[in-house]
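Model the placement of chain B on the given structure of chain A, informed by the hints.
So the sequences go chain by chain: A and B.
Heads up, the first sequence is in the UniProt record's numbering, so the first residue is 1 and it goes up one at a time.
Heads up, the second sequence is in the UniProt record's numbering, so the first residue is 1 and it goes up one at a time.
Rather than coming from a laboratory, the hints here were simulated on the basis of the structure.
We put the CB at the ideal spot given by N, CA and C, even for glycine.
Be a bit skeptical, because a hint or two may be false.
[Claimed, not checked] According to the in silico footprint, chain A covers these stretches of chain B (three or more CB under 8 Å from chain A):
no., segment
1, 606-620
2, 623-629
3, 632-639
[Said to hold, decoys possible] Looking from chain A toward chain B, a few residues come up when the C-beta cut is under 8 Å (computed):
no., residue
4, Leu-202
5, Tyr-245
6, Gly-252
7, Trp-267
8, Ala-318
9, Leu-330
10, Leu-332
11, Leu-459
12, Phe-499
13, Val-502
[What the hints assert, rightly or not] Away from chain B, derived, C-beta distances all over 12 Å, residues of chain A:
no., residue
14, Phe-42
15, Ala-43
16, Leu-70
17, Val-78
18, Ala-79
19, Leu-166
20, Arg-187
21, Ala-231
22, Gly-240
23, Thr-242
24, Asp-448
25, Gly-480
26, Ala-489
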Amino acid sequence: MSILAASSTTATFVAPHVEFGKLSPMLIAFGTATLGILVEAFAPRKQRYGIQVGLALVGIAASFAAVLALAGTTASVVAQGSVAVDGTTLFLQGTILVISFVAFLVIAERKTDQNQDAFAAQGASVPGSAAERETTRRGWQTTEVYPLLMFSVGGMLLFPAANDLLTMFVALEALSLPLYLVCGLARHRRLLSQEAALKYFLLGAFSSAFFLYGAAMLYGYAGSVNLAVIAQHVAHPTAGSTLLYTGVALLGMGLLFKVGAAPFHMWTPDVYQGAPTPVTGFMAAATKIAAFGALVRVLDVGLGVNSAENVWRPVMQAVAIITMIVGGVLALTQRDIKRMLAYSAILNAGYLLIGVTSTTAQARAAVLFYLPVYGVAIIGAFAVVTLVRDAGGEATDLSRWAGLGRRAPIPAALLAVFLLAFAGIPFTSIFIGKFAIFQAALAAGSPDLVIVAVLASALAAFFYLRVVVVMFFSDPLPQGPTIAHPSIAVKTALAVAAFATVALGVAPSLLLHLANNSAGILAK
Amino acid sequence: MTPSYAPVAATGTFALTAWVILLPLAGAAILLIGGRRTNRWGHLLGCAAAIGSFVLGAVLFFALLAKPGAQRSYDQHVYTWIPVPGFTADVGFHLDQLSIVFVLLITGVGSLIHIYSVAYMEHDENRRKFFCYLNLFLAAMLVLVLADNYLLLYAGWEGVGLASYLLIGFWQHKPSAAVAAKKAFIVNRVGDVGLSIAVMLMYTTFGSFAFGPVLNGASSAKVGTMTAIGLLLLLGACGKSAQFPLQSWLLDAMEGPTPVSALIHAATMVTAGVYLIVRSNAIFDVSPNARLVVTIIGAITLMFGAIIGCAKDDIKKALAGSTMSQIGYMILAAGLGPIGYVFAIMHLITHGFFKAGLFLGAGSVMHGMNDDVNMRHYGALRKFMPWTYVTFGLGYLAIIGVPPFSGYWSKDKIIEAAFAQGGTSGWILGCAALLGALVTAFYMTRVVLMTFFGQKRWVPDAEGHEPHPHESPWIMVVPMVVLAVGSVAAGFLFSYHNAFVNWLSPVTGFSEGHSPINTAVLQVVTLVVVALGIGYAYLGYGLQQAPSTPPLGSFATRAARQDLYGDAFNELVFMRGGQYLTRVLVYFDMKGVDGVVNGVSAGLGGSSGRLRKLQSGFVRSYALSMFGGATLLIVALLLVRG
Numbered sequence: 001m002s003i004l005a006a007s008s009t010t011a012t013f014v015a016p017h018v019e020f021g022k023l024s025p026m027l028i029a030f031g032t033a034t035l036g037i038l039v040e041a042f043a044p045r046k047q048r049y050g051i052q053v054g055l056a057l058v059g060i061a062a063s064f065a066a067v068l069a070l071a072g073t074t075a076s077v078v079a080q081g082s083v084a085v086d087g088t089t090l091f092l093q094g095t096i097l098v099i100s101f102v103a104f105l106v107i108a109e110r111k112t113d114q115n116q117d118a119f120a121a122q123g124a125s126v127p128g129s130a131a132e133r134e135t136t137r138r139g140w141q142t143t144e145v146y147p148l149l150m151f152s153v154g155g156m157l158l159f160p161a162a163n164d165l166l167t168m169f170v171a172l173e174a175l176s177l178p179l180y181l182v183c184g185l186a187r188h189r190r191l192l193s194q195e196a197a198l199k200y201f202l203l204g205a206f207s208s209a210f211f212l213y214g215a216a217m218l219y220g221y222a223g224s225v226n227l228a229v230i231a232q233h234v235a236h237p238t239a240g241s242t243l244l245y246t247g248v249a250l251l252g253m254g255l256l257f258k259v260g261a262a263p264f265h266m267w268t269p270d271v272y273q274g275a276p277t278p279v280t281g282f283m284a285a286a287t288k289i290a291a292f293g294a295l296v297r298v299l300d301v302g303l304g305v306n307s308a309e310n311v312w313r314p315v316m317q318a319v320a321i322i323t324m325i326v327g328g329v330l331a332l333t334q335r336d337i338k339r340m341l342a343y344s345a346i347l348n349a350g351y352l353l354i355g356v357t358s359t360t361a362q363a364r365a366a367v368l369f370y371l372p373v374y375g376v377a378i379i380g381a382f383a384v385v386t387l388v389r390d391a392g393g394e395a396t397d398l399s400r401w402a403g404l405g406r407r408a409p410i411p412a413a414l415l416a417v418f419l420l421a422f423a424g425i426p427f428t429s430i431f432i433g434k435f436a437i438f439q440a441a442l443a444a445g446s447p448d449l450v451i452v453a454v455l456a457s458a459l460a461a462f463f464y465l466r467v468v469v470v471m472f473f474s475d476p477l478p479q480g481p482t483i484a485h486p487s488i489a490v491k492t493a494l495a496v497a498a499f500a501t502v503a504l505g506v507a508p509s510l511l512l513h514l515a516n517n518s519a520g521i522l523a524k
Numbered sequence: 001m002t003p004s005y006a007p008v009a010a011t012g013t014f015a016l017t018a019w020v021i022l023l024p025l026a027g028a029a030i031l032l033i034g035g036r037r038t039n040r041w042g043h044l045l046g047c048a049a050a051i052g053s054f055v056l057g058a059v060l061f062f063a064l065l066a067k068p069g070a071q072r073s074y075d076q077h078v079y080t081w082i083p084v085p086g087f088t089a090d091v092g093f094h095l096d097q098l099s100i101v102f103v104l105l106i107t108g109v110g111s112l113i114h115i116y117s118v119a120y121m122e123h124d125e126n127r128r129k130f131f132c133y134l135n136l137f138l139a140a141m142l143v144l145v146l147a148d149n150y151l152l153l154y155a156g157w158e159g160v161g162l163a164s165y166l167l168i169g170f171w172q173h174k175p176s177a178a179v180a181a182k183k184a185f186i187v188n189r190v191g192d193v194g195l196s197i198a199v200m201l202m203y204t205t206f207g208s209f210a211f212g213p214v215l216n217g218a219s220s221a222k223v224g225t226m227t228a229i230g231l232l233l234l235l236g237a238c239g240k241s242a243q244f245p246l247q248s249w250l251l252d253a254m255e256g257p258t259p260v261s262a263l264i265h266a267a268t269m270v271t272a273g274v275y276l277i278v279r280s281n282a283i284f285d286v287s288p289n290a291r292l293v294v295t296i297i298g299a300i301t302l303m304f305g306a307i308i309g310c311a312k313d314d315i316k317k318a319l320a321g322s323t324m325s326q327i328g329y330m331i332l333a334a335g336l337g338p339i340g341y342v343f344a345i346m347h348l349i350t351h352g353f354f355k356a357g358l359f360l361g362a363g364s365v366m367h368g369m370n371d372d373v374n375m376r377h378y379g380a381l382r383k384f385m386p387w388t389y390v391t392f393g394l395g396y397l398a399i400i401g402v403p404p405f406s407g408y409w410s411k412d413k414i415i416e417a418a419f420a421q422g423g424t425s426g427w428i429l430g431c432a433a434l435l436g437a438l439v440t441a442f443y444m445t446r447v448v449l450m451t452f453f454g455q456k457r458w459v460p461d462a463e464g465h466e467p468h469p470h471e472s473p474w475i476m477v478v479p480m481v482v483l484a485v486g487s488v489a490a491g492f493l494f495s496y497h498n499a500f501v502n503w504l505s506p507v508t509g510f511s512e513g514h515s516p517i518n519t520a521v522l523q524v525v526t527l528v529v530v531a532l533g534i535g536y537a538y539l540g541y542g543l544q545q546a547p548s549t550p551p552l553g554s555f556a557t558r559a560a561r562q563d564l565y566g567d568a569f570n571e572l573v574f575m576r577g578g579q580y581l582t583r584v585l586v587y588f589d590m591k592g593v594d595g596v597v598n599g600v601s602a603g604l605g606g607s608s609g610r611l612r613k614l615q616s617g618f619v620r621s622y623a624l625s626m627f628g629g630a631t632l633l634i635v636a637l638l639l640v641r642g
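Just chain A, with the same shape it has in the complex:
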C-alpha cells in the first residue's frame, strides 16, 4: 500500500539535491579508482605500477584532506536522506583512510620478493601453465589491483555513512566485489588463493542475499528503507513486529558476516590464509572498521529505540559471546600464523560486539577507539608476516618461525609488540581499547559479557604469547626461512604501526578524546 502511495506522490520528477561537498571523501575515492581504470587502459605497462601506486596514495591523501575539511561541520543527512555525514562517519572515514594508506604501502611492496609484488603476473593465467611462466618471465604485474582496491576503499567510506538500506547494500557490494577479485590474485600458492576467492565470493553473495532480503522485509514493515523512517515506525508501531525482527535478523546476518562474527565467521580463516598477505591485512583492518560502522548505524539509528534495543541486545550479546568463544578456542590449535590471526580477528570482533551492544555513547566511543588501534596493529602484524619467506612465498607455518628473534631481531620484536598488544598487555593501545570497552559494558550493566571477554583474553594470551615464545625462546631452524629486507615504504608502515601501538598505549588521551567527541554525534 505504501508503495502505491509513494508512486502516486512522486508523479513529477524532481532533480535530487546532492551535497557534493559533504560527499567529497567518497567521491574522491571513487574518482581515483575510475582514473586508475583509465590509467590501466592507456598507460604503458612499464609505467603503470608507479602511476597506479602514486595515484592511489594521492587519492587516499586527498580524500583524507576532504574528511579533515568536513570535520567539525554540523552533522547532516545528505543526498536525499541516503548518506549521513556526522562525527561518527567522519571519524570512521578518517580511520579507514589512514589505515588504507598504511596498507597500500605494504600492498605496493616489491622489494621483499625479487622485485615482484604480492600479486600474480596475470590473474587470468592458469596456475602452473605456460602462460603463467611466460607472463612471470616478462615481469607483468596485475596493476589493476590498485583501482580495484580504491573502489573497495570508496565502498568502505560509504558503508558506515549509508543512512538507508539500499545505499548500504550498494556500499557493501562496492567494497566486497573488488576484494573477492584481489583475494584470488596471490602470486604464490595460487590455487589456495583462488579457492579462497571463490569461497569468499560465494559466501559473500550468499550473505548479500540475506542482507537484501532483510532490507526488503524492513521495507515491508516501515514502507521505507531509510533508517530514520524505520526508527519512527519502530518507536510508534503501526503493525506487528514479526516482519521487523525477521528483517533485522536477516539484515544483521549480512552485517555480522562482514565483521566476521560467529557463526558467520567460517570464511575468515580460509580467506585470510589464501589471500595475498598484504590484502589480508587490509581486509582485517579496513573492512572490519567499515562493517562495524554500518552495524553501529543500523542498530543505533534504525533500531536505537528502547523497545527494539531490548529485543536485539540479548541476541547480539549471545552472538558476541559465541564469537569470542569460537575465536578464542579455535585459535588455540592453529599452526598457521595467518589462520591464527584470522581467529584472533574473530575474537576481536567479539570484543567489538560487546561495545556495539552496549549502545551508550561511552561504548560507541570505546568502539571508535578500538577500531583504529586494532586496525593499525593487525596491518603491522600481517606486514611482518610478509617478510618471513621461503622458496614458495611466505613461511606462515608457526614451526618455521622458531628462533626468529635471534635471526631477525627487529621484525620479531615488532611482531612481538603487536602480539603483546593483541594480548592486551598494558602500555599498548589495545589494552586501553579493551579497557574502554569493558568499562563501558560494565557501566551499561553487562558484567557477564565482560567476564566472558576477560576469560577469552586470558585464553588469547596463550596463543599470542606462544608465537613470542617460539620466536624468542626456541633455537633457530638450521634451514629456516629467510628474512626479506623491505623497502623504506614498508619500514615506514611498520614503524608507524608499532609507534602508534605503543604511543596510544602510553598516551591514549588524544585519540580517546577525539573518539569521545565523534561518538556523540550521530545524525538521526
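This is chain B only, laid out in the frame that chain A set:
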C-alpha cells in the same frame, strides 16, 4: 630511667650522617664499575673510604658528646622512597647514642681490618674485588644501624647478608667455600623471613615503618601482637647472629678470608641481631614472654658455642664457636630487658675488639704457617711471632674475663644481670652464664696452649713446603696492636663512673635489678670458675703434649666436633624433610594444580580440535552454518520479542 624516642631534625654537623654511609658506598661503586682499571689503587681507595667514614663517625660522636643526654637523638630525612597515598616508605637516618656506638665499632674495626687486608690479600689477584665487597659490607651495615625505620633497616640487613655471602664464597674455586656461602645464605633466609614478617606486622599494627610510631606506640599496642613481633624479630636475630637453632652456618663461614671472619663473622655483622633486639627494646619491654624466649635462646647458644669451641682443632672454627657463645651472652643480656640491654651492647663492643684481634692473630698465624688452620700442627709459635703472641694473648685474657681486661667488665656484668633477673629463671640463666665462663676459659686456654706453647708439631703442606713461621708485616701487626689496646682498656673505660651505662640508658633504659647474691661474692665466684677452666685446660694441653692426630675422644668430644650434630639434625629434619615436602608439593602441583590447568587446557584444546572439524573447507557446509545461524537469529529475535 625510661627510654623515649623523640629525635629532632639533623642539622649542621649531624647532617653528615648520610655521608658516613655514602663514602664506603661510593668506594664499592667505583671499585665495581671501575673494574680492572682500579686494580692498582683499589685497595687504597677501599681503605680511604673506610677511614674517611670512621673520621666522620668520630666527628659525629664528639658532636653528640657535646650535647646533653636527652638531646642526642637526630633524624635525617633523605628522601621519600615510595610516595603512594596510604603507603610511604622513607629513606632517612637516625643518629643517637646506640647507633653512633655501632658506627664507631663498624668503621673503626672495619678500617683496621681494611688496613690489615692490604697485606693479607696482597697475593690475591682479586684483591680489588675483595675491597669492593668489604666497602659494600660497611655501607650495608651502616644502613642497618643508621636506618630510622624498619624497612630501611631490612634493606641494610639484606645488604649485609649479600656482602657476607659474597665474602664467604670469595674463594669460590674451593667447593667448600661455595657451599659454605650458599649455606650461610639459605640459613639466613629463614631468619630474614622472620624479620620481614615482623616488619609487615609492624606496618599493619602501627601504620608505619618508622621507629618513632613503632617504638612509641608499642606500650599501648596489644601484648599478643608485640610478643609475635618480638619472636619474629628474634628469629631474624637468630639467623644473622648464628643463634640456636640457626647457628649452623657460622662455622662453615670460616671458609672466607680471615679478615672477613674477623670483621663480619666476629666483630660486626653477627652482632646485628643484638642491635635489632636492643633497638626494639620498647617492643620487648611490653612482652615478658618474648624476653624469656630471648634469654633461653641466648643461654642455649652460649653453652652450645662454647662446647663446640672445646673440640675444634681448626683455630678459626674454635674461635667461631667462641663467637657464637659470646653472642649468646649478648642475646641473653638483651633478653633480660632494661637490666641487660646496656651490658649486651657493652659486651658487643668489647667483644668486637678482642674477637677481631683474636681472628687477626689467627690470620697472622696462618699467614706464617702456609695457611694451615689445624692447631695440632702448631705449637711453640710464641718465639717466632712475638707480636702476634702478645696481642693474641691480650685478647685471650680479655675474652676469658681476667681483670682488668675488657671482657671482665662486660661479661661479669652480664652474669650479674642474669642473677639480678631474680626468681628461678634468674638462677638458671646466671648459672648457665657462669658455666659458660668456665668453658670459655677452658677452650681459649686450649687454643693458646696448642698454638703458642709446647713443642713444634709443624708438618709440611700438601706441596711439601716446610712451614717457616715468621712475624707478619707491620701493616698487619699495627691493627692487631690497636685492637689489643682496645681489648685491654675498653672495658675499664666504659665502666669508669658508669660511663657506658649513662651514655646508652637514654635509648635503652636501665634498671639495676635485685641480685639475690652479693655482687662481690659473685665476682669472686666468677674468677674462681675462670681459674678452674684455665687449670683444667693446662692439665690437658699444658702439661702434656697435644697429639698431632686427634684422639678418638669421648662421646661428648665427638659430638662437639660434629657441631653437636647441628648439621646432621638440619640434614635429617630440614633437608630430608624439605625434600619430602617438596616432593609432596610437586606431586600436588603435578596432580592437583597442573591437573586442573592441564585439564582446562586439554578441554579447551580438545574442544578446539572438535570445533575445527566444523571448519571443513567446504563452502556448502559453511553456507549451511550461515543458514543455520540466520535461522537461529530469526528465532531468537522473535522469541525475545515475546
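Now the hints, each set against the structure:
1. 606-620: This one holds; 9 residues, not fewer than the three required, reach chain A with a Cβ under 8 Å.
2. 623-629: holds (count 5)
3. 632-639: With 6 residues closer than 8 Å to chain A, the segment 632-639 of chain B meets the three-residue bar; holds.
4. Leu-202: Hint on Leu-202 (chain A): holds, closest Cβ of chain B at ~5 Å, below 8 Å.
5. Tyr-245: holds, 4 Å
6. Gly-252: Gly-252 (chain A) check passes; min Cβ-Cβ to chain B is 6 Å, inside 8 Å.
7. Trp-267: holds, 6 Å
8. Ala-318: holds, 7 Å
9. Leu-330: Constraint on Leu-330 (chain A) satisfied, holds at 5 Å.
10. Leu-332: This interface hint holds because 4 Å falls under the 8 Å limit.
11. Leu-459: holds, 7 Å
12. Phe-499: violated, 31 Å
13. Val-502: With a minimum Cβ separation of about 25 Å from chain B (threshold 8 Å), the hint on Val-502 (chain A) is violated.
14. Phe-42: holds, 38 Å
15. Ala-43: holds, 37 Å
16. Leu-70: Non-interface label stands for Leu-70 (chain A): nearest chain B Cβ at 35 Å, farther than 12 Å.
17. Val-78: holds, 31 Å
18. Ala-79: holds, 30 Å
19. Leu-166: Leu-166 (chain A) is indeed farther than 12 Å from all Cβ atoms of chain B, at 20 Å.
20. Arg-187: holds, 22 Å
21. Ala-231: holds, 17 Å
22. Gly-240: The claim is violated: Gly-240 (chain A) sits with its nearest Cβ about 10 Å from chain B, within 12 Å.
23. Thr-242: Answer for Thr-242 (chain A): violated, closest chain B Cβ roughly 7 Å.
24. Asp-448: holds, 16 Å
25. Gly-480: holds, 26 Å
26. Ala-489: holds, 35 Å
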